[in-house]
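Visitor: Sequence:
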Amino acid sequence: MTQALGRGRPARISRTARPKQYLILAAMLLLALGMIYTGARMTLAGAYLHQTDLFLDDWAAKNSQPPAAAWQVAEQAAQSAIALYPTANGGYYDRLGRVYDWQQINEPMSSPAAMQSRANAIAAYRQAIASRPQWPFSHINLATAKLRQGELDDEFKQALTRGFELAPWRALAYQQTAWLGLVSWHTLNAQQQATVAQAVNHGLSHTARSRQDTEQLLTRLQRTDLL
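Residue numbers (our numbering): 9 to 235.
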């Protein structure tokens, strides 16, 4: 009797094919474990970042220099977020810079007591810009930190103008550019002064609130000639 088609003995997996299958399974397992590990690190980094944001929001709401103990917790949280995130993250470095900004926020410009904390803030903002060069507020934060440090150099002027160029109609951008530029006006060249004047004009024309704030700034700095 002839044997029915499809009823023969099943083909055996050759001995040489089995190691290949094991290698594929091992590679897939390692890939899955790697993804789980990376995801866990990113989740934990996000938790530390959220903790940092809570401190920054609280300090901004109170508008006062934080207690040393609270600042240390925030600084550790920001550093942990950076260390855990798999790649350099501009937003994380920007938060770290802001934490350092707040450490000695009550100290006057060029204060020796705040020199180290402001140098740390400047370094963090440089890292933020290197990782995310198109984010305007890291440029503005860098310019602000350098003004507080008394460093009105080319890096300060580039950060001042670049932040405004990237977000000319964002309130924080034109307001901070106007303030930074007006207090350092004597150090700027004609083109940089024109950028500051444009920021002032945006403040005067954007909204009723921005006009009021800009007029108050110009009055306080005795620059009503720009009205």
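Mixed in with the good hints, there may be bad ones.
Here are the in silico distance ranges between beta carbons for each label pair [claimed, not checked]:
#1 Asp233 - Trp177: 21 to 27 Å
#2 Asp233 - Ala91: 18 to 24 Å
#3 Pro141 - Leu38: 47 to 53 Å
#4 Gln87 - Arg140: 30 to 36 Å
#5 Arg49 - Pro116: 39 to 45 Å
#6 Trp177 - Met36: 30 to 36 Å
#7 Ala55 - Ser119: 16 to 22 Å
#8 Thr232 - Trp177: 22 to 28 Å
#9 Gln230 - Ala198: 32 to 38 Å
#10 Asn197 - Ser118: 39 to 45 Å
#11 Gln166 - Pro116: 20 to 26 Å
#12 Val81 - Gln220: 36 to 42 Å
#13 Ala91 - Leu38: 34 to 40 Å
Hints in this document: simulated from the structure, not taken from any laboratory. All residues carry an ideal CB built from backbone N, CA and C; glycine is no exception.
Visitor: Return the numbers of the hints above that this structure violates; sort them in rising order.
Guide: 2, 3, 4, 6, 7, 9, 10 and 13
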